[in-house]
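Undergrad: The opening residue of the sequence shown carries number 1 in the UniProt record's numbering; numbering runs sequentially from there.
Keep in mind that the hints were calculated from the coordinates and are not lab data. All of these numbers come straight from a predicted model, not from anything done at the bench. Treat the hints loosely; a few may be bogus.
Each computed BS3-like pair below joins lysine-lysine, with the alpha-carbon atoms no more than 25 Å apart [as the list claims (entries may be wrong)]: (1) K101 - K260; (2) K265 - K279; (3) K265 - K353; (4) K246 - K101; (5) K353 - K336; (6) K101 - K112; (7) K183 - K213; (8) K213 - K67; (9) K67 - K183; (10) K67 - K312; (11) K357 - K265; (12) K265 - K213; (13) K279 - K260; (14) K213 - K101; (15) K357 - K336; (16) K246 - K55; (17) K224 - K205; (18) K67 - K336; (19) K55 - K112; (20) K209 - K265; (21) K224 - K209; (22) K183 - K224; (23) K279 - K112; (24) K265 - K336; (25) K279 - K246; (26) K201 - K213; (27) K336 - K312.
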Amino acid sequence: MKARNLNPPAPSQGGKLIKGKVLCSSPWVKAKAGCGAARLAKDNTELRQGTPQFKRFEALPQPLDFKVFIFNVTNPYEVQMGKRPRVVEVGPYIYFQYRQKDNIRFSRDRSKVHFSQQQLYVFDAESSYPLTENDPLMVLNMHMNSILQIAEDETYDSLRLINVELNRIFGRPDSMFLRTTPKEFLFDGVPFCVNVIGIAKAICKEIEKRNTKTIRVLPDGSMKFSFFNHKNMTEDGIYTINTGVKNALETQMIEFWNGKNMLDKWSNSSRGSSMTCNKIEGTDGSGYPPFREGVQRMTIFSSDICRTVDIKYVGSSSYEGIPAARYVTDDNFLNKIGPEHNNDCYCVNRIPKAIVKANGCLYEGALDLSTCFGKCRSCGAHDSYHEK
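Modelling step: build the complete structure from the supplied sequences, incorporating the hints.
TA: Have a look at this one:
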């Protein structure tokens, strides 16, 4: 997901910002101009009710771009015979992501604001062209393989029962892969557990009890798996962020998420600490503090993947003629992970028989999200992972 963020006006050389206070130097006339620019930037970014900035905070005036790339498997039956998968990256499928803040409440001193937010995803057919939501895809049958892996972890009897009832639960699959479309796979959902009876129905009830967010139960008792439906028109927790009233450099920085400043999703590292991986910090990606000029690195917290992501400055850019700064994800997101980088707490090793490096972590480009998504096994992969 990429937000098009623009740099707000920065103070001139006649003034500088230190710990949120504008300090002016001589000559007085030049300093006055610099301080005026800094004050204007601060006033246009801090969160105060009744201001244009607060209206932008409540609902972004323009949607963010949410881009999805999918690995299309071209040799599914050869894979069944033990050969290496051949995949082709398809994308981007581009969605408008709209964000709306709700349940907004300020702290007594107005330095913090609490809120929840809803997200709405709408397919952008024009930007995605020539790709469409109805393109045929052959992908890994995620929910079926995840459920089989869980059963294999638990007891042989569980796996044996599911294998016997596989056709009833998953609609007679002919391989470990699934014919689907982006619309079905990402949002509408792939149906399973349809009109089941007997043992199959009991197994589906056990799946329901796991309360996996990528699986939803329909009124008729059947289920659907989708990657992102649970994100559409739903809240992702209660945020507490800094309003910037006391310190402009802290504007929109997250103080707490669901009342905590630490997660409990990631295991201890080899050094006995999980703080590196579980720490909640940065912004939610929809806004940033002012005075970003010269800032080489920023941090975003994403509840979707239960972690923070560092982004680094790679150069200047522009959007519709307006100067902008371009940031990309840092290598410590998917590539530089392990004890040598002091972040091996991301190496949770919950995927059975996964191919890992000597340091016990997945190869560059992949992240085990099992502890974030619940019992349903999930592995987030970068577009270069298929080359590993």
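Undergrad: Now look at each hint and say whether the structure bears it out.
TA: Status of the hints after comparison with the structure:
For the hint pairing K101 with K260, the CA-to-CA distance comes to about 19 Å; that is within 25 Å, so the pair holds. Between K265 and K279 the CA atoms are separated by roughly 10 Å; this keeps the pair inside 25 Å, and the hint holds. A distance of roughly 21 Å separates the Cα atoms of K265 and K353; the hinted pair therefore holds under the 25 Å criterion. In summary, the hint linking K246 to K101 is supported, as the alpha carbons are separated by about 22 Å, within the 25 Å threshold.
For the hint pairing K353 with K336, the CA-to-CA distance comes to about 22 Å; that is within 25 Å, so the pair holds. About 15 Å separates the Cα atoms of K101 and K112, which keeps this hinted pair within 25 Å; it holds. Of the supplied pair hints, the one linking K183 and K213 holds, its CA atoms being roughly 18 Å apart against a limit of 25 Å. This hinted pair checks out: K213 and K67 have alpha carbons roughly 21 Å apart, not beyond 25 Å.
For the proposed pair K67 and K183, the alpha carbon gap of about 13 Å is at most 25 Å, so the pair holds. Between K67 and K312 the CA atoms are separated by roughly 19 Å; this keeps the pair inside 25 Å, and the hint holds. The straight-line distance between the Cα atoms of K357 and K265 is roughly 22 Å, inside the 25 Å bound, and the hint therefore holds. Annotation: proposed proximity of K265 to K213 holds, straight-line Cα distance about 15 Å (limit 25 Å).
For the hint linking K279 to K260, the alpha-carbon distance of about 9 Å falls within 25 Å, and the restraint holds. Between K213 and K101 the CA atoms are separated by roughly 22 Å; this keeps the pair inside 25 Å, and the hint holds. Distance hint between K357 and K336 is fulfilled; the C-alpha atoms sit about 12 Å from each other, no more than 25 Å. A threshold of 25 Å between alpha carbons decides the hint, and for K246 with K55 the separation of about 20 Å falls inside it, so the pair holds.
Taken as a hint, the K224 and K205 pair is honoured in the structure, with Cα atoms around 13 Å apart against an allowance of 25 Å. Annotation: proposed proximity of K67 to K336 holds, straight-line Cα distance about 23 Å (limit 25 Å). Between K55 and K112, the direct Cα distance comes to roughly 16 Å. Compliance with the 25 Å bound is thereby established for this hinted pair. Taken as a hint, the K209 and K265 pair is honoured in the structure, with Cα atoms around 20 Å apart against an allowance of 25 Å.
About 14 Å separates the Cα atoms of K224 and K209, which keeps this hinted pair within 25 Å; it holds. With a C-alpha separation of about 13 Å, the suggested pairing of K183 with K224 holds against the 25 Å cut-off. Of the supplied pair hints, the one linking K279 and K112 holds, its CA atoms being roughly 19 Å apart against a limit of 25 Å. With a CA separation close to 19 Å, the supplied pair K265 and K336 stays within the 25 Å bound.
Under the criterion of a C-alpha separation no larger than 25 Å, the hint pairing K279 with K246 is consistent with the structure, at around 23 Å. A C-alpha spacing of about 20 Å is found between K201 and K213, which places the hinted pair at or below 25 Å, so the restraint holds. For the suggested pair K336 and K312, the alpha carbons sit about 14 Å apart, so the restraint of at most 25 Å is met.
When the structure is compared with the earlier hints, no violation turns up for any of them.
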